[in-house]
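S.K.: One-letter residues, chain by chain:
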Amino acid sequence: MVEGATEPAARKLTGHVYYSMTKSLCGVCKAAVDAKIIVRDGAIYFDKFCPTHGHQECLVSSSAEWYLDCLSFIAPNIAPKRVMKEIKQGCPFDCGACPSHQQKVYLPVIPITSGCNLDCPICYTINKNDHAHNLSKEDMQKILDHLLEDHKEIDIINFTGGEPTLHSQLPEFLEMCRAAGIRRLTISTNGIKLLDETYVRKLAALDARIVLSLDTFDPQTDKIMLGANTVQTKLKVLDLLEKYDVATTILPAVAMGLNDVEVPQLFELVLKRPHIRSLELHTMTFTGQGGVGFQRTARITIPDLHRRLEQATGGRIAWQDFVPSPLAHPHCYSICYLLMLDGGGYVPFTRLTSRQKLFELLQDSLYIEPREELEEVFREMIDDLWANPDRLPESEAILRTLKRLIKEMFPSDGPALSILERQKIAERSSKAIYIHSHMDEENFDVARVMKCCVGVPYPDGTNIPTCSYNVLYRERDPRFADPKMLERMKLTRPMPPKEGENHAAPHY
Amino acid sequence: MQLPIIDPMFIETSDAHEHEVFHSYSKGICPRCRELVDGVRILRAGKVYLRKQCPRDGRSEALISGDADWFLKSLTYITKGSIPLKHSTKVAEGCPKDCGLCPDHEQHSCLPIIEITNHCNLECPICIVQNKNNYTMSRDEFVATIDGLAEKEGALDTVNLSGGEPTIHPLFLEFCDIARRPEISRVSVSTNGLRIATDFEFCRELARKNIYVNLQLDALRNPELRVLRGGGDHQAVKERALDNLEKARVRTTIVSTVAKGVNDGQIGDCIKLLFERDFILSLMFQPAAYTGYGGSHFGPHDPLNVITIPDVVRCAEEQTGGLLRKSDFLPLPCSHPGCFGLTYLLKTDAGFIPFPRFIELDKYLEIISNRGTIRPDEGFEETLKATIDQLWSSAGQIPDSDRILGTLKKALSLMYPEERVLELEERLHIGEGLVKTIFIHAFMDEHTFEVDRIKKCCTHYAMPDGRLMPGCAYNMFYRHKDTRYSGQTGKAVIWGKTSAPA
Numbered sequence: 078m079v080e081g082a083t084e085p086a087a088r089k090l091t092g093h094v095y096y097s098m099t100k101s102l103c104g105v106c107k108a109a110v111d112a113k114i115i116v117r118d119g120a121i122y123f124d125k126f127c128p129t130h131g132h133q134e135c136l137v138s139s140s141a142e143w144y145l146d147c148l149s150f151i152a153p154n155i156a157p158k159r160v161m162k163e164i165k166q167g168c169p170f171d172c173g174a175c176p177s178h179q180q181k182v183y184l185p186v187i188p189i190t191s192g193c194n195l196d197c198p199i200c201y202t203i204n205k206n207d208h209a210h211n212l213s214k215e216d217m218q219k220i221l222d223h224l225l226e227d228h229k230e231i232d233i234i235n236f237t238g239g240e241p242t243l244h245s246q247l248p249e250f251l252e253m254c255r256a257a258g259i260r261r262l263t264i265s266t267n268g269i270k271l272l273d274e275t276y277v278r279k280l281a282a283l284d285a286r287i288v289l290s291l292d293t294f295d296p297q298t299d300k301i302m303l304g305a306n307t308v309q310t311k312l313k314v315l316d317l318l319e320k321y322d323v324a325t326t327i328l329p330a331v332a333m334g335l336n337d338v339e340v341p342q343l344f345e346l347v348l349k350r351p352h353i354r355s356l357e358l359h360t361m362t363f364t365g366q367g368g369v370g371f372q373r374t375a376r377i378t379i380p381d382l383h384r385r386l387e388q389a390t391g392g393r394i395a396w397q398d399f400v401p402s403p404l405a406h407p408h409c410y411s412i413c414y415l416l417m418l419d420g421g422g423y424v425p426f427t428r429l430t431s432r433q434k435l436f437e438l439l440q441d442s443l444y445i446e447p448r449e450e451l452e453e454v455f456r457e458m459i460d461d462l463w464a465n466p467d468r469l470p471e472s473e474a475i476l477r478t479l480k481r482l483i484k485e486m487f488p489s490d491g492p493a494l495s496i497l498e499r500q501k502i503a504e505r506s507s508k509a510i511y512i513h514s515h516m517d518e519e520n521f522d523v524a525r526v527m528k529c530c531v532g533v534p535y536p537d538g539t540n541i542p543t544c545s546y547n548v549l550y551r552e553r554d555p556r557f558a559d560p561k562m563l564e565r566m567k568l569t570r571p572m573p574p575k576e577g578e579n580h581a582a583p584h585y
Numbered sequence: 005m006q007l008p009i010i011d012p013m014f015i016e017t018s019d020a021h022e023h024e025v026f027h028s029y030s031k032g033i034c035p036r037c038r039e040l041v042d043g044v045r046i047l048r049a050g051k052v053y054l055r056k057q058c059p060r061d062g063r064s065e066a067l068i069s070g071d072a073d074w075f076l077k078s079l080t081y082i083t084k085g086s087i088p089l090k091h092s093t094k095v096a097e098g099c100p101k102d103c104g105l106c107p108d109h110e111q112h113s114c115l116p117i118i119e120i121t122n123h124c125n126l127e128c129p130i131c132i133v134q135n136k137n138n139y140t141m142s143r144d145e146f147v148a149t150i151d152g153l154a155e156k157e158g159a160l161d162t163v164n165l166s167g168g169e170p171t172i173h174p175l176f177l178e179f180c181d182i183a184r185r186p187e188i189s190r191v192s193v194s195t196n197g198l199r200i201a202t203d204f205e206f207c208r209e210l211a212r213k214n215i216y217v218n219l220q221l222d223a224l225r226n227p228e229l230r231v232l233r234g235g236g237d238h239q240a241v242k243e244r245a246l247d248n249l250e251k252a253r254v255r256t257t258i259v260s261t262v263a264k265g266v267n268d269g270q271i272g273d274c275i276k277l278l279f280e281r282d283f284i285l286s287l288m289f290q291p292a293a294y295t296g297y298g299g300s301h302f303g304p305h306d307p308l309n310v311i312t313i314p315d316v317v318r319c320a321e322e323q324t325g326g327l328l329r330k331s332d333f334l335p336l337p338c339s340h341p342g343c344f345g346l347t348y349l350l351k352t353d354a355g356f357i358p359f360p361r362f363i364e365l366d367k368y369l370e371i372i373s374n375r376g377t378i379r380p381d382e383g384f385e386e387t388l389k390a391t392i393d394q395l396w397s398s399a400g401q402i403p404d405s406d407r408i409l410g411t412l413k414k415a416l417s418l419m420y421p422e423e424r425v426l427e428l429e430e431r432l433h434i435g436e437g438l439v440k441t442i443f444i445h446a447f448m449d450e451h452t453f454e455v456d457r458i459k460k461c462c463t464h465y466a467m468p469d470g471r472l473m474p475g476c477a478y479n480m481f482y483r484h485k486d487t488r489y490s491g492q493t494g495k496a497v498i499w500g501k502t503s504a505p506a
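Residue numbers (our numbering), protein chains in the order written: chain A, 78 to 585; chain B, 5 to 506.
Looking at chain A on its own, in the form it has when it is part of the complex (with noise of 0.2 Å):
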């Protein structure tokens, strides 16, 4: 160095620190744009630029620490058998799905109707009353033919819409559904239908699971996000299923500010009704006739509701309770199975075992399917508290609870149960979480879209990932989408551009 030389200016950091890349969408055009994955203040954010509308940012989870947990786990995937459309776009403008899609469906998200009896502000899809679409028999026979030729066994499938129940074919879709062997039907509904008690025992004799959504217990709440008041009809139509033992799950879509407060009470609810298999819970997404002009302070994240569900039962759950799912991609699901003790209290099964085996548990389906392999897990349990009582204060409940599943659904005499039994013993003593974040535009991730195991099945044998439809291919199906309903959402030609049309990064 030369002596005397003046020290040169010195550089700055960078206040984030750069993780990765994706592919996303413009918050602004839906045109395929890169996105930077960051780090900045403990939290993940997507920095995307569109060369016609300029930087953004997004908030994709307020806990780093959370979303590289994620990543962390690592499970195999099995593309789907059919590849219905080539690529030209490349991914998400290409669905069918495409030569890029990583896994097959597990859920099914059949949209039965397009026609709604409610209008909420937060509604994530478009409804269309006017000329309303209702699938057809054949048609669902097709969607299930479908299903059937590419899968060897179907364990979940999931009617919705719109409002599911104001289509009057729904029990005999769920007859036809049972005739191909699917065990888990699903219907997705705000309720309102099931105040009609022959409603409901219909249902229930069709074994039938309804996921109800239920938001919010304020009717300020109420009128923000439902723009109706929805809260007694709901806790009547609770009352009703609770009647008829009809398996339940309730479903809270979470908006921050506004309902996040009362995760609390929602998870009560929960624990306390029998019939009431499982919570869960939605992160505020924004797409749809509602969601797309929702207020963005509403933006919530997995960890978010993690952290509520912490301070809720004072630790008795913590984040790291939850696993995510291994069939979709690690950051959609989130997940928690609490052992029910007989006598009263719960535990959460990943401080009985190990998180490993409940992700390991979850590797065939959705949710836990009573196979072999649950038993394995359960004296595993038992012998791990048996060596080492005092970990936890309720050993002896649990080690008795966890017998008596044993002997009842793995019996050592006599003729095994089917699957479907132990389900039904194995629910009385259980209760799960599940975590689920639809994607729009702003915080679109085309890893997760890829990785997508739920997707829209059409009659053609075509599926589309739920999330690409919300956000792309829904406003494009005429039989959804309401032109009306278009031009309140101010588009007046359908996204993504049609053949020819390229939103792709242009050509180098």
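Watch out, some of these pointers could steer you wrong.
[Said to hold, decoys possible] Dumping the calculated BS3-like pairs for lysine-lysine here, alpha-carbon to alpha-carbon at most 27 Å:
#1 K181/A to K101/B
#2 K89/A to K94/B
#3 K434/A to K367/B
#4 K89/A to K367/B
#5 K94/B to K158/A
#6 K367/B to K165/A
[Claimed, not checked] Computed footprint of chain B on chain A; a stretch qualifies when at least three of its residues, placed anywhere within it, have a C-beta under 8 Å from a C-beta of chain B:
#7 109-123
#8 147-157
#9 427-437
#10 514-527
#11 533-543
If you're looking for bench data, these hints aren't it; they were derived computationally from the structure. A virtual CB, placed ideally from N, CA and C, is assigned to each residue, including glycine.
Fit chain B to the known structure of chain A by using the hints.
M.R.: Just chain B now, kept in the frame of chain A:
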């Protein structure tokens, strides 16, 4: 949370090893048409592949990591980047079309390279650039390039002169003088050593000007050298070059391009060379990237069967009989973790001991953060002292801790004597006597290019117009359009006393 997460835990399903695992999305380029295309990273049988889908040319696949374990662990080796003082270009079309650096780039220029000529006195089958023998940088262009660098960076740890073959440039020694500015700590030259082998005076000049030489040395024997470098007695040339460099006391780095099935068995010999010869400061392994001249002339190569960073690490362990271990190597966190691996070795009486064996990893990463070399500034003194304290209190738990302690204390007293404050350069030279480095630098080619990696690139080609071009982006997208190289391919003009290999 603490980043990087050192040694993260992974949870796998029972069948994770028997099947393919989709890991992540990665934008790459189609090896046939070179357009940007969607890609996915797939774990398969313990390795990582980049599978791409081109709408025009269909599917293609390339090996990007020979060890899924190394790959997965390396992902969290991330730190904040440094922002250059100035950017040359704006963000307009999006990565990687706005190179220069654009403001969206995530790292400054740790390692700037100036290609002062595209003439070369060899025609290596493995060459990563395309030497057209029609361009020699003018003095004005060189000054502008150096000025541009100083403007963007402020202080530079190092500047590398390259080409073509830089030592055959008629103004080479003058360029060295121009580059030796107050802001620039080190000037290095990447060379095949032909001139160095035959021109001892030249070597003396290099030593006088304190130029660091990066000597191309893929193997110690002709058979392997000929496959990579063409016909001739390369072994003799390299031996003479090494002798001349040693005699003239030129600080030297050995650079070995490693190609699968050619010289990957020679990795141990190169490491042995590093250990045995004092004047060799470091060793750089470069897994072959099949682009440029090599892309079309070194073939056919199987993109599913190439050398990657963890393969070099594995060979280092196997071929040194365990003297070096896989756990001694780390990704370099300031670049993209997929680009560099390295280890630092402390020279003690008991031989060379890798830093990770006696120093806490998070301190280690701090030392090498955002710079390619250990910079012995005031902060480093704290690190040294802290390491000494930590070793003292953990005496006995770390093998050879006595020897390490002794060496570190000697380093501390030499570099930070009480009587006076040393200049940074003096400390650098002391440090170089005590520390050797093994780097592994993986360049990308059409098969392995990932936009993810290029965003954090710290190895930039410096242009006379002031732009700084991330290396692999330049090689893929800009080199063939560089107007300085347009025109007919010429004959190499070789200046200086050089004889082609016999």
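S.K.: So, for every hint listed, does it hold in this structure?
M.R.: The hints, checked one at a time:
| no. | hint | in the structure |
| --- | --- | --- |
| 1 | K181/A to K101/B | violated (35 Å) |
| 2 | K89/A to K94/B | holds (19 Å) |
| 3 | K434/A to K367/B | violated (35 Å) |
| 4 | K89/A to K367/B | holds (20 Å) |
| 5 | K94/B to K158/A | violated (45 Å) |
| 6 | K367/B to K165/A | violated (48 Å) |
| 7 | 109-123 | holds (count 5) |
| 8 | 147-157 | holds (count 8) |
| 9 | 427-437 | holds (count 4) |
| 10 | 514-527 | holds (count 4) |
| 11 | 533-543 | violated (count 0) |
Violation of the numbered hints given earlier is confined to hints 1, 3, 5, 6, 11; the remaining hints are satisfied by the structure.
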